[in-house]
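Asker: The chain contents come next:
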Amino acid sequence: MKSISKRFGATIALDNVELNIERGEVHALVGENGSGKSTLMRILSGAIRADSGSITLNGQPYSPKNPMEARKLGIAMIYQELSLCPHLSTAENVLLGMEFQNFGIIDRKESRKRTQEALKLLGITDLDVDAPVSELPIATRQLVEIARAVALKSDVVVLDEPTSSLTQADVEKLFGVVNTLREKGTAVIYISHFLDEIKRICDHMTVLRDGVNVGAAKVSDVDTDTIVSMMVGRKIDTIYPRSVRTPTDVVVEITGLHGMTKPENANLKLRKGEVVGIAGLNGSGRTELVRCLFGLDAVKSGKIRVGKFEGFAKPATRWSEGVGMLSEDRKLEGLALTMTIADNLTLTKLPSIVSNAKQLEDAELWVKNLGVKCRTPLQPIGDLSGGNQQKVAIARLLYHDVDVLLLDEPTRGIDVGSKESIYQLIDQLALQGKAILMVSSYLPELLGTCDRIAVMHKGILGETRAVADTDAEQIIREAAGA
Amino acid sequence: MKNFLKSSGIYNLLGLVVAWMGIFAFFWWKAPPNFHSLDNFKTMARQDTIVAIATLGMTCIIICGGIDLSVGSVVAFVTVIIAALLQAHMSPWVSLLLGVGAGGAWGLFNGILITRLKVVPFIVTLGTYLLVRGAAKGLAHNRTIDSPASWLNDLTSQPTDHDAWRILPTGVWITIIGAIAVALMLKRTRFGRHIVAVGSNEQAARLCGVPVERVKLGVYCLAGLLVGLAGLMQYSRLTLGDPTAADGLELKVIAAVVIGGASLNGGQGSIFGSLLGAWIMTTISTGCSQMGLDNWVEQMVTGGIIVISVAIDRLRVRKD
Numbered sequence: 111m112k113s114i115s116k117r118f119g120a121t122i123a124l125d126n127v128e129l130n131i132e133r134g135e136v137h138a139l140v141g142e143n144g145s146g147k148s149t150l151m152r153i154l155s156g157a158i159r160a161d162s163g164s165i166t167l168n169g170q171p172y173s174p175k176n177p178m179e180a181r182k183l184g185i186a187m188i189y190q191e192l193s194l195c196p197h198l199s200t201a202e203n204v205l206l207g208m209e210f211q212n213f214g215i216i217d218r219k220e221s222r223k224r225t226q227e228a229l230k231l232l233g234i235t236d237l238d239v240d241a242p243v244s245e246l247p248i249a250t251r252q253l254v255e256i257a258r259a260v261a262l263k264s265d266v267v268v269l270d271e272p273t274s275s276l277t278q279a280d281v282e283k284l285f286g287v288v289n290t291l292r293e294k295g296t297a298v299i300y301i302s303h304f305l306d307e308i309k310r311i312c313d314h315m316t317v318l319r320d321g322v323n324v325g326a327a328k329v330s331d332v333d334t335d336t337i338v339s340m341m342v343g344r345k346i347d348t349i350y351p352r353s354v355r356t357p358t359d360v361v362v363e364i365t366g367l368h369g370m371t372k373p374e375n376a377n378l379k380l381r382k383g384e385v386v387g388i389a390g391l392n393g394s395g396r397t398e399l400v401r402c403l404f405g406l407d408a409v410k411s412g413k414i415r416v417g418k419f420e421g422f423a424k425p426a427t428r429w430s431e432g433v434g435m436l437s438e439d440r441k442l443e444g445l446a447l448t449m450t451i452a453d454n455l456t457l458t459k460l461p462s463i464v465s466n467a468k469q470l471e472d473a474e475l476w477v478k479n480l481g482v483k484c485r486t487p488l489q490p491i492g493d494l495s496g497g498n499q500q501k502v503a504i505a506r507l508l509y510h511d512v513d514v515l516l517l518d519e520p521t522r523g524i525d526v527g528s529k530e531s532i533y534q535l536i537d538q539l540a541l542q543g544k545a546i547l548m549v550s551s552y553l554p555e556l557l558g559t560c561d562r563i564a565v566m567h568k569g570i571l572g573e574t575r576a577v578a579d580t581d582a583e584q585i586i587r588e589a590a591g592a
Numbered sequence: 012m013k014n015f016l017k018s019s020g021i022y023n024l025l026g027l028v029v030a031w032m033g034i035f036a037f038f039w040w041k042a043p044p045n046f047h048s049l050d051n052f053k054t055m056a057r058q059d060t061i062v063a064i065a066t067l068g069m070t071c072i073i074i075c076g077g078i079d080l081s082v083g084s085v086v087a088f089v090t091v092i093i094a095a096l097l098q099a100h101m102s103p104w105v106s107l108l109l110g111v112g113a114g115g116a117w118g119l120f121n122g123i124l125i126t127r128l129k130v131v132p133f134i135v136t137l138g139t140y141l142l143v144r145g146a147a148k149g150l151a152h153n154r155t156i157d158s159p160a161s162w163l164n165d166l167t168s169q170p171t172d173h174d175a176w177r178i179l180p181t182g183v184w185i186t187i188i189g190a191i192a193v194a195l196m197l198k199r200t201r202f203g204r205h206i207v208a209v210g211s212n213e214q215a216a217r218l219c220g221v222p223v224e225r226v227k228l229g230v231y232c233l234a235g236l237l238v239g240l241a242g243l244m245q246y247s248r249l250t251l252g253d254p255t256a257a258d259g260l261e262l263k264v265i266a267a268v269v270i271g272g273a274s275l276n277g278g279q280g281s282i283f284g285s286l287l288g289a290w291i292m293t294t295i296s297t298g299c300s301q302m303g304l305d306n307w308v309e310q311m312v313t314g315g316i317i318v319i320s321v322a323i324d325r326l327r328v329r330k331d
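Chains as they are written, first to last, in the numbering used here: chain W, 111 to 592; chain F, 12 to 331.
Hints are computed from structural coordinates only; laboratory data are not their basis.
A few of these clues could be false.
As the list claims (entries may be wrong) - Label pairs and their computed distance ranges (CB to CB): (1) F:Val130 x W:Glu179: 38 to 44 Å; (2) W:Ser430 x F:Val29: 46 to 52 Å; (3) F:Met55 x W:Ser193: 53 to 59 Å; (4) F:Phe133 x W:Glu220: 37 to 43 Å; (5) W:Ser430 x F:Val318: 44 to 50 Å; (6) W:Leu541 x F:Leu262: 43 to 49 Å.
What the hints assert, rightly or not - Quick list of in silico lysine to aspartate or glutamate cross-link-like pairs, DMTMM-like style, CA-CA up to 20 Å: (7) F:Lys198 x W:Glu474; (8) W:Lys459 x W:Asp493; (9) W:Lys424 x F:Asp50; (10) W:Lys283 x W:Asp236; (11) W:Lys441 x F:Glu213.
Beta carbons: idealized from backbone N, C-alpha and C, even for Gly.
Turn these sequences into a full structure, and let the hints steer you where they fit.
Answerer: Following this line, the structure appears as structure tokens:
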């Protein structure tokens, strides 16, 4: 891939990016969230097209119109969220879209044979190819996807965070399969945040940061520290306002909290007038921690104290205790998109008899306070831009007048202007004595807005450190478990 | 008022009124002259009551993201209960309350199965659709149950000279008052807003501390009571208990709600829209029968109206 560039509106996602991969090579693609890795892979797999630049595949120019064409030309993508049909059998999944038919009837014997062949190439012989995929453990399902790539005779296999949900033993099995692919002469692109895995399995690496190449090297020539400093290497912008804050009493105290799977034994104290950040990779259990605290996920054991209230509670109780939560997923959980701005804003605190005039008055006040751009608070919230929707979702917590704000990815998927106003708002709220717990995948914003930061890695929450005592490199290293 | 006009709901209602006027104009032109008489209007209102009252409950259920296929069976069950109680020399008031209460109980039963077993409403109410119909037949020993005449029979009858002050049958008044009450409940009470929130985005509602399970239970219970009332009207029309009555009523009711602009994905719908939907269907069926057209014509026209109304709604949404 040569001088690939891609813009989304005003943001430059990729700027003249190069990526060269040879046959029989496992190539690591490394970078923080938002560095442009997924955009590059979406271009490779035909999901989107580059604005400029060119790709050659086996010496031929390659520009797929859609994912189907890319697949036919030999590019196989294997994503974090598996794309198998759980009700179909392994054989049916492996050959989906390229079934062997005789007069319109699937040749089951031939299908079974081809599937077993593909699996055998990966060193798997003990799999019942007629059993539904839903009966297989998650790690085996991933192997089925790779078998699909083999059956398609793909030249390039892209593995996107393949180990994030695997146990150590399954990781070993996967590495065995990756080695087999390498020996067969397949090019493997390996995307992972876990640097130790990259050290172990990859031959070459390309590092992206903010949409540009910042380094390419033979993996055996570099150490973890070099990789980390290549990934970070940027200064924190000045858009983060931070007033002098004086934290007072502890309002939330979590002791030895275990969720059903995550978190494990989490301890955390949150004071009035401070912002505490939780860093970590996706799936490390950050969101689960907040959800356990707010009563959305079940808790196995541990202690939670909110103000003078002890114990676990449902969301309704948490709201009444003065705790509010902002969901990481605005569309799925954060907002009711078909309802109006006013309805969304006031949903947590409705009187038995709702007065439209009062509701409108409240909504108008908060829409004005937070500068939400809308025609009227009575229009459906689905009409607004992401940034304005997010402002309403946050305004809900302010309207409820909570003392503790749990903000899960408060700036995900919104424009820079809205981000800045949300940072300012967080600072003001901390000054007013509110306690704020903020989860984010974007390190600069955590370093810029928080007073203290804790890192989560595979369900385990590290100790909280003052921002002055830590830096991006240390956090990345802890999040990656290196 | 200005804000009310700005909301998109009003265009939906206006569209339905225009559609109805078109259909009405067609029958005015084609049907016998007594079609547009005041008396015919009263007849239509009277025929509309059963579907209309059941529609009130179904609208709440569909807005909440659910569905209820057991409506027709519960109506039949209620007629059997009322007739059997009257036959056993119970007072009409007691029979009425127990009959409507039986409807509420079936609603509660649906609600409990849906919230406790976490089975989708379609499957649960498909089960109760058969279960309740069977229970009604068993209770009535597969026959109709005759019952002594009482004032319950007059609920859906036209006012006579000595009580002309009623203008419309009592049942129609009950429908109108019930509609206003349920519409106000949906718009102006916390419970009502919670119903819309659960249908619009259940997870967001849970995040905001809405007691999702209790809201669903409440909706099915309320709808059950309203179906009980519809059963009372059905009894009043038949003046006997009939376990085979109201066959397929649930589909008519769902059709009315859908024509009225509700989305089967939940979060969207209006009481007055659904009532207009029911009214449009009643107009078509009355018009067709007065023109002497066969039942198949009416069915095809109603089916066409459903498809067209949903298509228009989709187009409107896409335009936005």
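Asker: Does each hint fit the structure? Answer for all of them.
Answerer: Right, here's what the structure says about each hint:
1. Taking the beta carbon of each, valine 130 of chain F and glutamate 179 of chain W are about 42 Å apart, inside 38 to 44 Å as hinted.
2. Taken as a hint, the range 46 to 52 Å holds for the pair serine 430 of chain W and valine 29 of chain F, whose Cβ atoms sit roughly 47 Å apart.
3. Between methionine 55 of chain F and serine 193 of chain W, the C-beta spacing of about 54 Å keeps the proposed range 53 to 59 Å intact.
4. Between phenylalanine 133 of chain F and glutamate 220 of chain W the beta carbons are some 39 Å apart, a value that agrees with the proposed interval 37 to 43 Å.
5. The given range of 44 to 50 Å is respected by serine 430 of chain W and valine 318 of chain F, whose C-beta atoms sit roughly 47 Å from each other.
6. The given range of 43 to 49 Å is broken by leucine 541 of chain W and leucine 262 of chain F, whose C-beta atoms sit roughly 60 Å from each other.
7. Taking the CA atoms of lysine 198 of chain F and glutamate 474 of chain W, the gap is near 19 Å; set against the 20 Å cutoff, the hint holds.
8. Simply put, lysine 459 of chain W and aspartate 493 of chain W have alpha-carbon atoms about 23 Å apart, too far for the 20 Å limit, and the pair is violated.
9. The suggested pairing of lysine 424 of chain W with aspartate 50 of chain F is violated, with an alpha-carbon distance near 57 Å, which exceeds 20 Å.
10. A distance of roughly 13 Å separates the Cα atoms of lysine 283 of chain W and aspartate 236 of chain W; the hinted pair therefore holds under the 20 Å criterion.
11. For the hint linking lysine 441 of chain W to glutamate 213 of chain F, the alpha-carbon distance of about 11 Å falls within 20 Å, and the restraint holds.
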